[in-house]
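Undergrad: Sequence:
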Amino acid sequence: MRWFRIALSLWIAAACLAVPAEPAGARRIETAVDILRGIEEHYGSFQAYSADFSQWTTSAAASAMTTEAHGTFYFQRPKRMRWEYRSPEPQAFVAVEDFVWLVVPEEHQVSLFDSRDFFSSPIMKTLFDGFLDLANHFTPALDDGESSREVAVLTLTPKKEDPNLQSLRIHVARKTFDILRIETRDALGNTNRLDFQNHRKVERLPDTLFRLEAGPDTLVLGADGRRLERGEVLELQRKIVEMGKEAG
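Residue numbers for the sequence shown follow full-length UniProt numbering, so the first one is 1 and each next one is one higher.
Read the hints as simulated data drawn from the structure, not as lab findings.
This one's a predicted model, so the numbers in the text were calculated from it and none came from an experiment.
C-beta: ideal position from N, C-alpha, C; glycine also.
Please note that a few of the clues may not be correct.
[To be verified] In silico DSSO-like cross-links for lysine-lysine, where the CA-CA straight-line distance does not exceed 27 angstroms:
# : residue 1 : residue 2
1 : Lys79     : Lys201
2 : Lys160    : Lys201
3 : Lys79     : Lys160
4 : Lys245    : Lys79
5 : Lys159    : Lys79
6 : Lys175    : Lys201
7 : Lys79     : Lys239
[Said to hold, decoys possible] The calculated label-pair distances, taken between Cβ atoms and stated as ranges, are:
#  : residue 1 : residue 2 : range
8  : Gly44     : Ala223    : 27 to 37 angstroms
9  : Ser54     : Ala223    : 27 to 37 angstroms
10 : Leu221    : Val241    : 35 to 45 angstroms
11 : Asp133    : Lys201    : 17 to 27 angstroms
12 : Arg230    : Arg204    : 27 to 37 angstroms
13 : Leu221    : Arg86     : 22 to 32 angstroms
14 : Pro206    : Ser54     : 37 to 47 angstroms
15 : Val241    : Arg116    : 20 to 30 angstroms
16 : Ser54     : Thr208    : 38 to 48 angstroms
My request is simple: use the sequences and hints to build the entire structure.
TA: Listed below in structure tokens is the structure:
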């Protein structure tokens, strides 16, 4: 499933967007460990943000065919994220606490995913928690050949084997800790590249971004592929709204 592979790649990218800021007296960071610590400190300084993204996904099973997509990423603590695709077709991938779903407006369809497929990996869980515990889950190495005076390129190796992640590389601005690019490869050889622009730090994002919007004419499929009854959909919507109130 193409979208399932893309969804897994998105977890790798989640919370990797740093808010542009030039700290007073910023110093050049030389070591990979110091860069990780700087990123962790930076991520701990905000509650919500958004950024525009461009994505290139190459499938190893489709003669190296590459697809390009563009959209906006939204993240809010605790545990809320949304990938809003504008092209090549409108879609949205949303995660709220233990609920994960894909919205395809043109097809009037919502597909739920089993969150255990995502959270079973400590790497995925760490990313969804806000990327605040990087050093405990990855061993970093600085790629001197690809790095420059302004940009450091890190290869992050998972300390615990993860079948969904073979390699992870991030491009980070040395002075600001802004993540400029994320490159991943899974065990099947599929690659995913994400570039980020126009980072926007905010106090709080609209609650509507993290609600399951599904009218009476929307087909809602459970993680097992079963069509949910209208009563089940309404109950699911109620639970997600209540989570937002508790988090607020």
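Undergrad: Compare the structure with each hint and give your call.
TA: Right, here's what the structure says about each hint:
Restraint check for Lys79 and Lys201: satisfied, since their Cα atoms lie roughly 16 angstroms apart, inside the 27 angstroms limit. Pair hint Lys160 plus Lys201 does not hold up; C-alpha atoms about 32 angstroms apart against a cutoff of 27 angstroms. Restraint check: the Cα-Cα separation between Lys79 and Lys160 comes to about 22 angstroms, which is no more than 27 angstroms; the hinted pair holds. With a C-alpha separation of about 13 angstroms, the suggested pairing of Lys245 with Lys79 holds against the 27 angstroms cut-off.
Straight-line distance between C-alpha atoms of Lys159 and Lys79 comes to about 23 angstroms, which keeps the hinted pair within the 27 angstroms bound. About 18 angstroms separates the Cα atoms of Lys175 and Lys201, which keeps this hinted pair within 27 angstroms; it holds. Between Lys79 and Lys239 the alpha-carbon distance is near 15 angstroms, which keeps this suggested pair within the 27 angstroms criterion. Between Gly44 and Ala223 the C-beta distance comes to about 32 angstroms, which sits within the given range of 27 to 37 angstroms.
Range check, Ser54 to Ala223: Cβ separation about 29 angstroms, and the 27 to 37 angstroms hint holds. With their beta carbons about 21 angstroms apart, Leu221 and Val241 fall outside the hinted range of 35 to 45 angstroms. Checked against the hint of 17 to 27 angstroms, the pair Asp133 and Lys201 passes, with Cβ atoms roughly 21 angstroms apart. Between Arg230 and Arg204 the beta carbon distance is about 31 angstroms. The supplied range of 27 to 37 angstroms therefore holds.
Range check, Leu221 to Arg86: about 24 angstroms between beta-carbon atoms, so the 22 to 32 angstroms window is met. For Pro206 paired with Ser54, a C-beta distance near 24 angstroms fails the hint of 37 to 47 angstroms. Here the CB-CB span from Val241 to Arg116 is close to 23 angstroms, well matched to the stated 20 to 30 angstroms. Checked against the hint of 38 to 48 angstroms, the C-beta distance between Ser54 and Thr208 comes to roughly 25 angstroms, which is inconsistent with it.
Violated hints, listed in ascending order, are 2, 10, 14 and 16; each of the other numbered hints is respected by the structure.
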